[in-house]
Structures are given as structure tokens and as C-alpha cells.
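Produce the complete structure using the sequences and hints provided.
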Amino acid sequence: DGGITQSPKYLFRKEGQNVTLSCEQNLNHDAMYWYRQDPGQGLRLIYYSQIVNDFQKGDIAEGYSVSREKKESFPLTVTSAQKNPTAFYLCASSRQVESYGYTFGSGTRLTVV
Amino acid sequence: GQQVMQIPQYQHVQEGEDFTTYCNSSTTLSNIQWYKQRPGGHPVFLIQLVKSGEVKKQKRLTFQFGEAKKNSSLHITATQTTDVGTYFCAGTTDKLIFGTGTRLQVFP
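Chains as they are written, first to last, in the numbering used here: chain H, 1051 to 1163; chain R, 4 to 111.
Just so you know, the hints here were simulated from the structure itself, not pulled from any lab data. Ideal placement from N, C-alpha and C gives every residue a C-beta, glycine not left out. Heads up, none of these hints are tricks.
Listed below are the simulated DSBU-like cross-link pairs for lysine-lysine, each with C-alpha atoms no more than 30 Å apart in a straight line:
1) H:Lys1120 - R:Lys98
2) H:Lys1133 - H:Lys1107
3) H:Lys1107 - R:Lys73
Facing chain H, from chain R, some residues (calculated, C-beta under 8 Å):
4) Phe101
5) Gly102
6) Thr103
7) Gly104
Label pairs and their calculated CB-CB ranges:
8) H:Ala1131 - R:Lys98: 22 to 28 Å
9) H:Asp1109 - R:His78: 26 to 32 Å
10) H:Gln1146 - R:Gly43: 27 to 33 Å
11) R:Val58 - H:Glu1065: 47 to 53 Å
12) R:Glu20 - H:Ala1131: 44 to 50 Å
13) R:Ser55 - H:Lys1059: 37 to 43 Å
14) R:His15 - H:Glu1119: 45 to 51 Å
15) H:Thr1055 - R:Val16: 33 to 39 Å
16) R:Gly19 - H:Arg1063: 42 to 48 Å
17) R:His78 - H:Ser1130: 45 to 51 Å
18) R:Lys98 - H:Asp1088: 19 to 25 Å
19) R:Gly19 - H:Ala1131: 47 to 53 Å
Encoded structure:
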């Protein structure tokens, strides 16, 4: 079955460490996105990518970095510069940016200890 | 900046009662999408509305897009415990902006 796979499901990080969240899709979607969700809150856009080797900053890109070397993959690195990284991170994809419904992965819960 | 607000923030209903959540944008939207997120889960796409005044139904769910394309609503008839979750609208201007969400709790 086609879908989006995020790993790991839970991740613990020490302060000052960088950590990379994986996102892989086999839906042949062109666009991919990273969102952050805090408890009881909505979704805030971190980065998005419309095509391979190109990506754009979202509303809260500071302290994060991404790459899009393959169509299927869009990893997110949470750097030590992100002041409050504990959150639920969701990856999504769609056929085109800002069009059609998004398909979300099951998310990664990151906790800084 | 562009904002999409939803009300209410929380709604508790008795099973069998109806439920409505409202979505309001500060700018005109080209389309509106609705998602459902179960507790501990991820958002799942429900539907997209494109035309002014459009109404779509999915079983007990009725979705409406306002005439001015700045607001939308989701109405659930005769709620069931399986309807529990947070419902998000998401509107497109030059990018997709998610609303703040309405958390629905259904008591049996």
C-alpha cells in the first residue's frame, strides 16, 4: 500500500544535539511538507518542497534544516539552535503544493531531555 | 498575516447530538480542506471544497463553503463515539494554512 513512513515514532534528544527525523513516501507525490504540532495546538509549517533539490521555508523554519535529494525522501534536522524542540512532528505529501488533500505520516514525538 | 480561526475550541456533546465547527479566514480562500485527527493520531484528509457556496455531504457529515469564500463549516448529525477527535480546516491562499482546530468529545 502507498503511504508515508515517518521514523522513529518516539525520539529523545539531549540538549545541544542535532537530530534527524526521517520521512519517506511511495505515493509519487511531488510536494512534501514538515509541520510541528504542540499539545492542543494546530499545525505550523516548518519547511516544504515542491520538487527535488528545492525547498522553501515555512512559518517557523528557524532552528530546522531539510534536504530533498530524492523525490521519495524529505528528512528534517532539528538543530541545537531550535530553542524549544519538544513537539509532535508531522510529515505530509501531496500531488501539488496547495492543492489536493495532504497525506500525513504517523508522526514523530520528539522530547528533549 | 493570514489567519484561519476555528470556533469553538472545544465541544463536548452527548452521543446522538449534533455538532458544528466554524472556520473563518481573514482573507479570501481559493479552496478549503477539512481534516480529522484522532487522539494520538495524525490528520486524515476528509474533503476539499472549491466553489463559492458549495455544500458536500459524507454520510452524517455536511461541509459548506461560504459565498464569500472566507468561511466554512462542518456539521455532524447525530454524533457517535467514533467521531471523537480534532477537526481542522485548512484554507489555501498562496499556501495552505491550517486552522486552530476544534476538539470534539462525545459522551456515550
